[in-house]
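Colleague: Sequence:
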Amino acid sequence: MDTLQLILLSVVQGLTEFLPVSSSAHLVLLSEFLGEEDQGIIFDVGVHFGTLMAALVYFRSDLKKMIINLGSHKFLSKENNLTANLIIAVIPILLLGFLLRDFVNLNLRNSEVIAYATIIFGILLYTAQLRKGKEDLDSVNLKQALIIGLFQCLALIPGTSRSGITITAGLFLGLSATAASRFSFLLAIPTIGAIALAELIRVSFIDIMDNGVELSIALIISFLVAYISIDMFLKLIDRIGFTPFVIYRLLLGGWLLMYWT
Numbered sequence: 001m002d003t004l005q006l007i008l009l010s011v012v013q014g015l016t017e018f019l020p021v022s023s024s025a026h027l028v029l030l031s032e033f034l035g036e037e038d039q040g041i042i043f044d045v046g047v048h049f050g051t052l053m054a055a056l057v058y059f060r061s062d063l064k065k066m067i068i069n070l071g072s073h074k075f076l077s078k079e080n081n082l083t084a085n086l087i088i089a090v091i092p093i094l095l096l097g098f099l100l101r102d103f104v105n106l107n108l109r110n111s112e113v114i115a116y117a118t119i120i121f122g123i124l125l126y127t128a129q130l131r132k133g134k135e136d137l138d139s140v141n142l143k144q145a146l147i148i149g150l151f152q153c154l155a156l157i158p159g160t161s162r163s164g165i166t167i168t169a170g171l172f173l174g175l176s177a178t179a180a181s182r183f184s185f186l187l188a189i190p191t192i193g194a195i196a197l198a199e200l201i202r203v204s205f206i207d208i209m210d211n212g213v214e215l216s217i218a219l220i221i222s223f224l225v226a227y228i229s230i231d232m233f234l235k236l237i238d239r240i241g242f243t244p245f246v247i248y249r250l251l252l253g254g255w256l257l258m259y260w261t
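Under this note's numbering, the first residue of the sequence shown carries the number 1, and numbering increases by one thereafter.
Among these hints, one or two may not hold up.
Taking lysine-lysine and the DSS-like style, the derived pairs with C-alpha atoms no more than 30 Å apart in a straight line are [claimed, not checked]:
no., residue 1, residue 2
1, LYS235, LYS132
2, LYS65, LYS78
3, LYS64, LYS74
4, LYS143, LYS64
5, LYS235, LYS143
6, LYS74, LYS143
7, LYS74, LYS134
8, LYS74, LYS132
9, LYS134, LYS64
10, LYS143, LYS78
11, LYS65, LYS134
12, LYS65, LYS132
13, LYS78, LYS235
14, LYS78, LYS132
15, LYS64, LYS235
16, LYS235, LYS134
17, LYS64, LYS78
18, LYS132, LYS143
Ranges of calculated distance between the beta carbons of each label pair, as one might list FRET restraints [what the hints assert, rightly or not]:
no., residue 1, residue 2, range
19, ILE206, GLU32, 47 to 57 Å
20, MET232, LYS64, 20 to 30 Å
21, ASN110, TYR248, 14 to 24 Å
22, SER204, LEU100, 19 to 29 Å
23, MET258, ILE67, 42 to 52 Å
24, LEU257, ARG60, 20 to 30 Å
25, PHE205, LEU250, 30 to 40 Å
26, LYS78, LYS132, 19 to 29 Å
27, VAL11, GLY35, 17 to 27 Å
Everything labelled a hint here was simulated from the structure, so no lab data went into it.
Quick caveat, the model's predicted, so the values are computed rather than measured.
In this text, a Cβ means the ideal position worked out from N, Cα and C, and glycines have one as well.
Required output: the full structure, derived from the provided sequences and hints.
Modeller: Here is the structure:
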């Protein structure tokens, strides 16, 4: 992969990881367009650690509060409600992701699946926002967290969007746009962390040293772009809503069906 392709793919990953438009779909399609069928494990490690770091830095105050509360209150106390909810919500994707990873890679990573998923889950997001919920993060209980976690498993289908489907679930459960988005982004931390760790295990120390420049570029660019993406999204979402993302998904899905399937 040349430097220009590396930079472009890293920007796309950082930009779309936290937007409800599917980062994996954009990477697959951009790779096909550029003639790069596989970005390589080093790239995957770099961008996943980059986007993970962006979420960790952005939500550092929330995470600090969660850690302090874990040490000073009982686990199932109201002070640890968010922590418990995130743990419950991440379990389904960890289990199904491990079991279905090979099946998804072999059978679902194609333009037709991406096109239909982009359209269908875009419509679902639009339907969910009509609920106009007002609840905040403190209102989420363990049952609702599990439901969001089960919805997240649908993100195994390329084109779904991990953030999009978890935000959709939160909206259906009555959360406000900001609350649903914040829960989705916080849930991304253990989810992306598990993915990054699984990928890192597959890479030898020699591979890391030999590809240090590529790894560093992917990590730094995806970190910077993802951080800006999170910040802008949370500042604007109450004002603009999800309709612009839905329209984009419908246009993208329609274009894929016409020209790529």
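Colleague: Check each numbered hint against the structure and report the violated ones by number, ascending.
Modeller: Hints 8, 19, 24 and 25 contradicted; others consistent.
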